[in-house]
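**Q** Starting from the known structure of chain A, arrange chain B on it as the hints suggest.
Number of protein chains: 2
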Amino acid sequence: MYTYNQLLNFANQVFLKMGCSAADADTAARTLVSADLRGVDSHGVARLCGYVRLWDIGRINPTPDIRITHETPSTAVVDGDGGLGLVVGPKAMGIAMAKAVEVGTGWVAVNNSSHFGIAGCHSMQALEQDMIGICMTNASPLVAPTWSKEPLLGTNPIAVAIPAGEEPPFVADFATTTAAYGKLEILQRKKEDAPLGWIQDKDGRPSTNSFELKDGGSLLPLGSDREHGSHKGYCLASIVDIFSAVLSGANYGPWVPPFVGFLPVTDDMPGKGIGHFFGALRVDAFQPKDQFKSQMDNWIKQFRRATPVDEQDAVLIPGDPERMIAEERINSGFDILRPVENDLKALAEKFEIEI
Amino acid sequence: MYTYNQLLNFANQVFLKMGCSAADADTAARTLVSADLRGVDSHGVARLCGYVRLWDIGRINPTPDIRITHETPSTAVVDGDGGLGLVVGPKAMGIAMAKAVEVGTGWVAVNNSSHFGIAGCHSMQALEQDMIGICMTNASPLVAPTWSKEPLLGTNPIAVAIPAGEEPPFVADFATTTAAYGKLEILQRKKEDAPLGWIQDKDGRPSTNSFELKDGGSLLPLGSDREHGSHKGYCLASIVDIFSAVLSGANYGPWVPPFVGFLPVTDDMPGKGIGHFFGALRVDAFQPKDQFKSQMDNWIKQFRRATPVDEQDAVLIPGDPERMIAEERINSGFDILRPVENDLKALAEKFEIEI
Numbered sequence: 066m067y068t069y070n071q072l073l074n075f076a077n078q079v080f081l082k083m084g085c086s087a088a089d090a091d092t093a094a095r096t097l098v099s100a101d102l103r104g105v106d107s108h109g110v111a112r113l114c115g116y117v118r119l120w121d122i123g124r125i126n127p128t129p130d131i132r133i134t135h136e137t138p139s140t141a142v143v144d145g146d147g148g149l150g151l152v153v154g155p156k157a158m159g160i161a162m163a164k165a166v167e168v169g170t171g172w173v174a175v176n177n178s179s180h181f182g183i184a185g186c187h188s189m190q191a192l193e194q195d196m197i198g199i200c201m202t203n204a205s206p207l208v209a210p211t212w213s214k215e216p217l218l219g220t221n222p223i224a225v226a227i228p229a230g231e232e233p234p235f236v237a238d239f240a241t242t243t244a245a246y247g248k249l250e251i252l253q254r255k256k257e258d259a260p261l262g263w264i265q266d267k268d269g270r271p272s273t274n275s276f277e278l279k280d281g282g283s284l285l286p287l288g289s290d291r292e293h294g295s296h297k298g299y300c301l302a303s304i305v306d307i308f309s310a311v312l313s314g315a316n317y318g319p320w321v322p323p324f325v326g327f328l329p330v331t332d333d334m335p336g337k338g339i340g341h342f343f344g345a346l347r348v349d350a351f352q353p354k355d356q357f358k359s360q361m362d363n364w365i366k367q368f369r370r371a372t373p374v375d376e377q378d379a380v381l382i383p384g385d386p387e388r389m390i391a392e393e394r395i396n397s398g399f400d401i402l403r404p405v406e407n408d409l410k411a412l413a414e415k416f417e418i419e420i
Numbered sequence: 066m067y068t069y070n071q072l073l074n075f076a077n078q079v080f081l082k083m084g085c086s087a088a089d090a091d092t093a094a095r096t097l098v099s100a101d102l103r104g105v106d107s108h109g110v111a112r113l114c115g116y117v118r119l120w121d122i123g124r125i126n127p128t129p130d131i132r133i134t135h136e137t138p139s140t141a142v143v144d145g146d147g148g149l150g151l152v153v154g155p156k157a158m159g160i161a162m163a164k165a166v167e168v169g170t171g172w173v174a175v176n177n178s179s180h181f182g183i184a185g186c187h188s189m190q191a192l193e194q195d196m197i198g199i200c201m202t203n204a205s206p207l208v209a210p211t212w213s214k215e216p217l218l219g220t221n222p223i224a225v226a227i228p229a230g231e232e233p234p235f236v237a238d239f240a241t242t243t244a245a246y247g248k249l250e251i252l253q254r255k256k257e258d259a260p261l262g263w264i265q266d267k268d269g270r271p272s273t274n275s276f277e278l279k280d281g282g283s284l285l286p287l288g289s290d291r292e293h294g295s296h297k298g299y300c301l302a303s304i305v306d307i308f309s310a311v312l313s314g315a316n317y318g319p320w321v322p323p324f325v326g327f328l329p330v331t332d333d334m335p336g337k338g339i340g341h342f343f344g345a346l347r348v349d350a351f352q353p354k355d356q357f358k359s360q361m362d363n364w365i366k367q368f369r370r371a372t373p374v375d376e377q378d379a380v381l382i383p384g385d386p387e388r389m390i391a392e393e394r395i396n397s398g399f400d401i402l403r404p405v406e407n408d409l410k411a412l413a414e415k416f417e418i419e420i
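If you're matching them up, the sequences are chains A and B in order.
Going by my numbering, the first sequence opens with residue 66, and the numbers climb by one from there.
Going by my numbering, the second sequence opens with residue 66, and the numbers climb by one from there.
The following block holds chain A by itself, in its conformation from the complex:
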């Protein structure tokens, strides 16, 4: 068992050893560990050695000059200068929020970035200033459009955080696939099959083999098949790709560079790095702040009051499960899987730091 501060301090030290400034190492560590905190273990310290491998081969710039290359009063395009998405993300969301202070909303498209951790963390940054936060990112191609044999889209998540009053905020954060890739990794680790509707094989046929992606298979868009609305999941993943990368000048579709360092980056790429998109809407650009929050409380309470189906305790509000995990882990600590712990120890040895 590890405490929150142990994980945070360790990640902080790793980012310092990579050459990040003290401020950037702090930002990156907090963003990374927010994934462990919220129960998205695939995106937390388990990825630390992945970031280090990319840095080792020169695909992460630890001292990026993150800058606005084009802007209007409500929009900006940000060049992440090959930095850690964990640092680029919070800076870009800060720019969106500063624009929202001025003109009601702010919208920032980012190119030349890398993996930014969990989308939910960035959208929640807006809550601090009573704003709605929106965040999305593209990712390397694992997902087949409806009727395609080829994976052309990433799991392209969308996160939306909305402030409430007495109630905790509404926080939606989800991959636009039927199941996130992390869910598949859990099954692979246990050598278990996947439910029908999560993946297809290289010929586009339904498959339950959780290792199918290694053999040319793909994840399926939210909806699973045409009859159950997979064209809608395909639309959502496409919108995320276009907003994150075509609006920003990053790579899109099959050209998104892979997170893993052992896969090569091709040289015919249409843009720079991976792309993100951030939005901030000041609540009081629409309604008096207190009125909005009290209506959100009313919305949330009404949904909590809904009669659950017999085997369930209660109807949940988006953000409830992650908040409950965070509370439990802050109290009881973080149980890190043995292979992840071994990776962290290897990093400790590499950088001569303590875990």
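Everything hinted at is true.
Heads up, the list lumps identical chains together, so a pair's fine if it works in one copy or across two of them.
List of simulated lysine-lysine pairs, BS3-like, C-alpha gap at most 27 angstroms:
#1 Lys267 <-> Lys248
#2 Lys267 <-> Lys255
#3 Lys337 <-> Lys354
#4 Lys354 <-> Lys156
#5 Lys248 <-> Lys410
#6 Lys366 <-> Lys337
#7 Lys354 <-> Lys366
FYI, nobody ran anything at the bench for these hints, they're computed from the structure.
**A** Same frame as chain A, but now just chain B:
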């Protein structure tokens, strides 16, 4: 068979007889018939008698004073004054676009409106000025959140239209349920069962009875069940509800007034009418216009080139199916179902007009 102009002129005359101004009747008719044109027959002239029934009982104001009640440089709240959503929608999108001209993007939340036809039509308005258009609306409760026995959400569609260069625009327009209500109506008309995953019965159990909603059942959010991501469809429908109604001051969740005139409106409602949300993003607030369009062409062409699964001709781009139907109907005419034709003839008689 009817021509496009026949349907347009007939709808125009009906709206004039309801007391709309010439300009508003023209707007309403074009918006309504755009649904028939794009193959969404449930939202086109088939609904004309529904609008008339609401007008008959005083729930549609044919001469609304549609006005901005609050604004910032990039946002506005619009009071639809109980008007036809078919008229309120285009005006609100126009306000969003005017704001985008000034500050890069515009975002308009609308209260006190009514059914606005298909969401796609409104988002496509932005294409005329090389903007990305976003549109969503809430609707009367037919959809159960994940694990709920009760329908608390509407089919709450999202539409996003993105301009391209040589290629036709990307236009996504979809209900946030596994299947749109119109799809269920088609099965009801044929007395056929629905696929598993579209609906649940009053106890939250999976059902294939296409008449289940009349007996306390609900439509299911996109994803169908928890294992296939229905919590993501629930998130999407909730986001649409909150953006359309909590940001605007309209009714949300179970309080959204029904489209059908025979159902009563309760008097403990938290807001006014139904709500919509519109967004317009100037493409050149992010990238030089021509560069954006050529990258969109590249995106679209790459997806068209994907190898389709064996039984399919090609991988489609969002908007392709509706555009193909529109081309065919402009050439060959509109086949109106007998019961709809009878409704139109009854309207012709009521208003003493020709069809």
